[in-house]
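Protein chains in written order, with the working numbering: chain A, 3 to 371; chain B, 746 to 1072.
Heads up, some of the hints might be wrong.
What the hints assert, rightly or not - Label-pair ranges, simulated between beta-carbon atoms: (1) B:G962 <-> A:A141: 42 to 50 Å; (2) B:A1064 <-> A:H254: 15 to 23 Å; (3) A:A141 <-> B:H998: 43 to 51 Å; (4) B:K940 <-> A:R179: 49 to 57 Å; (5) B:R1006 <-> A:R363: 16 to 24 Å; (6) B:Q917 <-> A:E371: 40 to 48 Å.
Read the hints as simulated data drawn from the structure, not as lab findings.
Just so we're clear, the structure is a prediction, and the values are computed from it rather than from any experiment.
By construction, the Cβ of each residue, glycine as well, lies at the ideal position given by its N, Cα and C atoms.
Residue strings, one per chain:
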Amino acid sequence: MTGPGQHRADGPEQAHPDDERQTTAVIGSAGGRRPRRAGGRRKHGPGIEQVVPDAEFTSYYGRPIVKAAPWEHDIPAYLFSGGLAAGSALVAAGADLTGRPQLRRTSRLGALVALAFSGAALVHDLGKPSRFVNMLRVAKLTSPMSVGTWILTGYAPGAGLAGLAELLDLVPADRRRDGVLGSASRVLSWVDRPAGLWGALFGPPLAAYTAVLLSDTATPSWHESYRELPFVFVGSAAAASAGLGLIGAPVHETGPVRRLAVGGAVLELVAEHRMERSMGITAEPLHEGRAGRLMRAAKVLTAAGAVGAALSGRSRALGVLSGAALMAGSACTRFGVFEAGIESANDPKYTVVPQRERLAREGPRHFPE
Amino acid sequence: MIGGRNSLSGPVDPTANAGYGDEHPKRKGFFTDTSICIGCKACEVACKEWNDVPADHFDMTATSYDNSHSLNANQWRHVAFIEQPKRLGSQDPGLRPPEVTDLGMPSVRPTDTAGAVADGAGGTGVGAEGEKPDFRWLMSSDVCKHCTHAACLDVCPTGSLFRTEFGTVVVQDDICNGCGYCVPACPYGVIDRRKGPDGAKNVGIAQKCTLCYDRLGAGQTPACAQSCPTQSIQFGDVDELRERANARVAQLHEAGVMDARLYGNDPHDGVGGTGSIFLLLDEPEVYGFPPDPLVTTADLPHMFRRASAAAATLLVGAALAFVGRRP
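Sequences and hints are given; from them, build the entire structure.
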């Protein structure tokens, strides 16, 4: 009979003959789940003994303690598109103010598409999509989702109008001289710059709040990363939007986005590195399974994209390739962080072990009166 | 008042903190004394009946006598069954308590055979001394903790989750849009989005124990506590329940049940104390509880500062990228 004894996280199933040991019987990694064979430590190669012993912990038959977010891939996709929208609004405003029309057009259209996609993804992920408007019935500072809703609501008209202005600009001039298109065209030509600046104003908070959205949960790998995750996410947003600029704008306009690409990528990689080192055991899911593969791909793509961007001063082809790598790297980061969090919630190890470690270190919590 | 001292962590009266005036009822809660739980599941059934909670799956976990798995949208009370290959105190030579402990179980037997229920949770089912097997049962009826600092309520973006006048935390079914944010926010894994079954009410929105808000309003006891045959689930004012819990754990310690401990009774803990207090006979994680939970919003001011710094970094970085010689 297997009892809920001490688990050795990655250990094989064992039974001890004597009673005392049975009370701390080692059972599968997470009862009912496939026992992992030294999961993420495979990189040490076969046959090499683990130096650090697996953390021992107890749980209710290996069942999860906290619940994983019920979110589908809409949410990590939104993390990417929201960051892209945020960064693109900033790039578009910069391009507008410094006279780079192709970069402005690319970024404004990118922001518009990313905004539309974001809205659709967020509504689609609701359990009751028809009630999405209930998000606007309160403004709550304790709810990052509420704050984010209002940031997005502030961002949308600015980025939306600026994007529409660019869209209308694509219509041949003789077809938008009169009628509805004519009026719209005249109005938009007046408001496109203020609208674009308005959208850019909401860009930085839009890029940063999604980190708080994940961290303000009991999901171990999301919460424990709250110090560095905002920097990872704004770096990722900068890299992705710079990547889009590299793809869409001619070489003579891409100077700023080449610098932004390098800066964003370096920020993302450095912050991510620091984050993993500060998370303790909850960094493990970032290295294992699908999340681990995504995070490794993100690092390779982002680093390659940054190098390519730095060298792409004369080559449009290299710029496009680097831009695509940066965007893909950003998407991998978002999906990787998302998946790692889900994994950390589904394994009680990541809830119990850090809490036991803190208790052993500091004793029971005592918030003062 | 709202936003006052200890709004995010630390001891506070949650009802007053939510903005109710002085004229609100006393905070209500549960004291679940797992030492006298017999695993009958009457609480699960009564809860489902009264609250019209739909059937979920009905299959054994194959690890214990647990067929309801966990607290979730369709399971507002969950009885955990833990089989431990642990010797009872009276089986160890020299460790036998001086007197047989009466755990307060209702019994039709004369008290001199009460040894069958000594030293552990519910009965082992074996009568005479010396025939007891080398294991004990732990049974515990889990429920929403109705935290003083409720993360689910804090993060709810629609205001669907709210603090009632009884200090409890309740979902307003007609407002929740199923964003699911409360689900990962709860440090105990209680609340969940209802996935089904098809045709059930409130599919797609967050559901959990309401502490029978409707019954409370009519001066009634919540269905689970009402139906509990051993008074393992006790309902009452949280102040009084805390005292009762302290008295009970002292009584058990005196009787030699040194494993007995309280969970959630300390207003200084990571969630400001819970409205549902538990008496446990082993470490919290054995029952599926987090050993040292913290309401995630306690760190929110720090998160806000980090995110603001990151946003400023992005703004300055983007501006710097555009500074410099024109092409």
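Going through the hints against the structure:
1. B:G962 <-> A:A141: 42 to 50 Å: violated (29 Å)
2. B:A1064 <-> A:H254: 15 to 23 Å: holds (21 Å)
3. A:A141 <-> B:H998: 43 to 51 Å: Roughly 49 Å apart at Cβ, these two residues keep to the hinted range, so it holds.
4. B:K940 <-> A:R179: 49 to 57 Å: holds (55 Å)
5. B:R1006 <-> A:R363: 16 to 24 Å: holds (20 Å)
6. B:Q917 <-> A:E371: 40 to 48 Å: 32 Å Cβ-Cβ, so the 40 to 48 Å window is violated.
The earlier numbered hints that this structure contradicts are 1 and 6.
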